[in-house]
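Given the structure of chain A, go ahead and fit chains B and C onto it with the hints provided.
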Amino acid sequence: MDTRRRSRSRSPFREPFGRADPSRPTIWPTLAAPALFIMALTCAKAGTADPPLAERRSGYALMSPQTRAMQDDDVENPAMLWVQDGAALWNRKPAAAAPSCAACHGDAQVAMRGVAARYPAYDASAAGPLDLEQRINRCRTERQHAAALPFESRDLLALTAYIARQSRGMPIDIAVDARTAPFLAAGRAEFERRRGQLDLACGQCHVDNWNRHLAGSLITQGLATAYPIYRFEWQALGSLQRRLRGCIGGVRAALYDYGAPELVNLELFLMWRARGMSLESPGVRP
Amino acid sequence: MAGALIRVPSSARRGEIIEIKTLISHVMESGYRRTEQGTVIPRDILRQFVCTYNGVEIFRAEIYQAIAANPYIAFTTVATESGRIAFTWSGDNGYSATQSVEITVS
Amino acid sequence: MKRRKLIVAGGAVGASLGLGIRPVAAAPADLHAAIEALVGTATVNKGRVTLELAALVENGNTVPLGIRADSPMTEADHVTAIHVFAEKNPQPYVAVFHLGPRAGRASVSTRIRLADTQTVVAICVMSDGSFWSGSADSVVTLAACVEPA
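Residue numbers (the working numbering), protein chains in the order written: chain A, 778 to 1063; chain B, 3 to 108; chain C, 379 to 527.
Quick caveat, the hints were computed from the structure, so don't treat them as lab data. Glycine is no exception: its CB is placed at the ideal position from the N, C-alpha and C atoms. The reader is advised that the hints may include incorrect statements.
[As the list claims (entries may be wrong)] Beta-carbon label-pair distances, calculated as ranges:
1) C:Thr495 / A:Thr918: 41 to 51 Å
2) A:Ala923 / B:Thr100: 28 to 38 Å
3) A:Asn988 / C:Asp455: 48 to 58 Å
4) A:Ala879 / B:Thr100: 47 to 57 Å
5) C:Thr495 / B:Thr37: 22 to 32 Å
6) A:Asp849 / B:Glu104: 22 to 32 Å
7) C:Thr497 / A:Pro959: 51 to 61 Å
8) C:Ala415 / A:Gly891: 23 to 33 Å
[Claimed, not checked] Derived lysine to aspartate or glutamate pairs resembling EDC-like cross-links, with alpha carbons at most 20 Å apart:
9) C:Lys466 / C:Asp494
10) B:Lys23 / C:Glu430
11) A:Lys870 / A:Asp850
12) C:Lys466 / C:Asp506
13) B:Lys23 / B:Glu104
14) B:Lys23 / A:Glu853
15) C:Lys424 / C:Asp515
16) A:Lys870 / A:Asp932
17) C:Lys424 / C:Glu453
18) B:Lys23 / A:Asp849
19) B:Lys23 / B:Glu64
20) C:Lys466 / C:Asp408
21) C:Lys424 / C:Glu414
22) C:Lys466 / B:Glu31
23) B:Lys23 / A:Glu832
24) C:Lys424 / C:Asp494
25) A:Lys870 / A:Glu832
26) B:Lys23 / A:Asp851
[What the hints assert, rightly or not] Far from chain C, some chain B residues (derived; all Cβ distances over 10 Å):
27) Ser13
28) Gly85
29) Asn95
Pulled out of the complex, with its shape left as it was, chain A reads as follows:
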């Protein structure tokens, strides 16, 4: 980013996010990375990907009153149609000899409370983070001996929305420890990396230019507080990965497949950025 752009910027942040820093090493020493990252996390500063909690705004705050009212009422919120389907799926056996979700977990309102607020979460058998969709599919294949549900399928979205609903109103709380640190660092790298024909990094819109418009859409801070969301643009419910692929395609970069580690790491980082904020799932967004 050239200096002329910087001096004209009306951004409240102190430094343009997208400026390349040639002094930053591109390869982290493996042992130092987790410790250094954990240290870096404790010093949040404005103008970076991680503003202080008081300066963070959910996309909800940037919506019109009509759209907020739609999210606030469970009969008006179209995402609740998927939650209703998810409740039915929770109690349904995927096959004659297989247990339903309820058979192991019981009442979702009890068993799933708090789960979505801490996802993506580290899974030892995967030796890495899994998002909620992947966690559901792990249960389906390993515990229910059923086929995994395709990403963005109606059933997977319904179950994800139903489970996420059980954490509504709870603070987002992503674990930061030696196990998650390298994946958080990788997610931050995805967030900071310029990509595509438009050569944009996430932060150039979502840190430097939030609350301004791009092609008719208001840019949010990209704090993933409400997923899965009913998005007017999609006229349907969709996952955070669908939204990320939309942006990545929008800057004319090659898309990651659903479930790709790059997307999961980015999800992890985005949920970490939103830590302490209230989970709104399932939300409504333009």
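Here is chains B and C on its own, set in the frame of chain A:
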């Protein structure tokens, strides 16, 4: 699968005007969209919504493709007697769905 | 400079890829034809009908619309139907809502699609056969109907 959300008060006083809110899952494919290959996606919409109160029609809507996906229709009615308020949605490709709720009116 | 041109031309961040062939938008003439098909040569009185419609919508795919008509909703004097038109949609007729004295009040809410910045018109048919209309304008930057899937 893919049902409706309905809000009707479970009880009301006789003569009270109550608000009814309905939300049904339906793609409302307008018939104007095209795939990336350029072929038109055929129209597939709901066409009619009927509400009856103990069998008597109290509200009807005829809707077209400018009604948004997952149609939301809210209206009012006077609580006259206890009984069943029923909702029927019908549309293209033989689509039909029915749901009902009970109301106590005193 | 070149990057800025790409951003302006790219314009579709968040929108889908691919190009769709835009159908011919309804002209105001189509709107008048549609209204005439409803009312014939009768007079349409302006008034008694209020539309709740945001002046600027975030996305034309889902636009909340409320319609209220000033009527006692008695057996003798009530709204029998509310017809809704969108001036510049590919076809202007949106919906008709059939009411009666059992409604208590003439009040309907729904969500519509708007394909362009335009005027939405509601025409109420009263029990005495008269027509009353109200309208509201809305600015739409992200259009429904004409964007590719």
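Item to check | In rising order, the numbers of the hints this structure does not comply with | outcome: 4, 8, 11, 12, 17, 23, 24, 25
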